[in-house]
Amino acid sequence: MNDKKIKNVFIEGAISSEFIGRSIAKHQTKTSIGAHNIFLGQVRADEVDEKTIYAIEYTAYKDMANAKFHDIREATFKKFDLTCMHIYHSLGTVKVGEICLFVFVSSPRRKQVFKALEYVVEEIKAKVPVYGKEIFEDASHQWKVNS
Amino acid sequence: MNLNIKYFGLLTEVTLCSEETVPFSKATVSELLDLLFEKHPDLKNKDFQVALNNEIVSKDTLITANELALLPPFSGG
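Those protein sequences? They're chains H and S, same order as listed.
Just so we're aligned, residue 163 is where the first sequence starts under this note's numbering, counting upward by one.
Just so we're aligned, residue 457 is where the second sequence starts under this note's numbering, counting upward by one.
Watch out, some of these pointers could steer you wrong.
Said to hold, decoys possible - Okay, derived cross-link-like pairs now, DSS-like style, lysine-lysine, Cα gap no bigger than 30 angstroms in a straight line:
1) S:LYS515 with H:LYS287
2) H:LYS295 with H:LYS240
3) S:LYS482 with H:LYS289
4) H:LYS289 with S:LYS515
5) H:LYS277 with S:LYS502
6) H:LYS257 with S:LYS502
7) H:LYS287 with S:LYS500
8) H:LYS224 with S:LYS500
9) S:LYS462 with H:LYS166
10) H:LYS289 with S:LYS462
11) S:LYS502 with H:LYS224
12) S:LYS462 with S:LYS502
13) H:LYS287 with S:LYS462
14) S:LYS500 with H:LYS295
15) H:LYS289 with S:LYS502
16) H:LYS257 with S:LYS462
17) S:LYS462 with H:LYS167
18) S:LYS462 with H:LYS224
19) S:LYS502 with H:LYS287
20) H:LYS295 with S:LYS515
Source of the hints: derived by calculation from the structure; they are not laboratory data.
Next up, chain H with everything else stripped away, as it sits in the complex (with noise of 0.2 angstroms):
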């Protein structure tokens, strides 16, 4: 762990595609970028028993999960050449075709955010205690599994 401050990086709610323009658009100022790579993940309507999702439900251990995303920036960062780096994942209610992650990965060369991003992302499957409680249609539910 280092000093640098740990940030928060849950949004209550889905991701909106207003909150990606604005952050896409912030980075005009920054002329050494050459190359972004963007993840948007997305809730998809699974079918499970003739029944389909129509939501899921985040919640997280917050204080671990952003300590998580913190090592997994200063990781990435060690690893790859990159400008800047923003992770953002939604807590709360997300509904089907709404956006949940937002990983977006910037360098001055475009084949270190190819490898970056898949990088993030998979880190973040596999490190960061979020889970998503899947809701179907009929209210019932099933809690998320990641493949």
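Based on these hints, arrange chain S on the given structure of chain H.
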């Protein structure tokens, strides 16, 4: 000493709470789990890891913090 236990995901449906406080003296994670299994027998059949001070720890770790979390497999993103 009181120890605050946090439960997440599926485990909250086994314990019927998201956190609880148990009176506790110096011991290891596995000794604490024995106590929790007595209280919530169905926990025994569930897949989870234990976190202390924001890190996953092994069952023989001595508990030094006053908060501990039981974490089922993660499902973020």
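Hint by hint, here is what the structure shows:
no. : hint                   : result
1   : S:LYS515 with H:LYS287 : holds (23 angstroms)
2   : H:LYS295 with H:LYS240 : violated (34 angstroms)
3   : S:LYS482 with H:LYS289 : holds (28 angstroms)
4   : H:LYS289 with S:LYS515 : holds (19 angstroms)
5   : H:LYS277 with S:LYS502 : violated (35 angstroms)
6   : H:LYS257 with S:LYS502 : holds (28 angstroms)
7   : H:LYS287 with S:LYS500 : holds (25 angstroms)
8   : H:LYS224 with S:LYS500 : holds (25 angstroms)
9   : S:LYS462 with H:LYS166 : holds (27 angstroms)
10  : H:LYS289 with S:LYS462 : holds (18 angstroms)
11  : S:LYS502 with H:LYS224 : holds (22 angstroms)
12  : S:LYS462 with S:LYS502 : holds (15 angstroms)
13  : H:LYS287 with S:LYS462 : holds (21 angstroms)
14  : S:LYS500 with H:LYS295 : holds (21 angstroms)
15  : H:LYS289 with S:LYS502 : holds (19 angstroms)
16  : H:LYS257 with S:LYS462 : holds (27 angstroms)
17  : S:LYS462 with H:LYS167 : holds (25 angstroms)
18  : S:LYS462 with H:LYS224 : holds (11 angstroms)
19  : S:LYS502 with H:LYS287 : holds (20 angstroms)
20  : H:LYS295 with S:LYS515 : holds (27 angstroms)
Checked against the numbered hints given earlier, this structure breaks hints 2 and 5; the rest are met.
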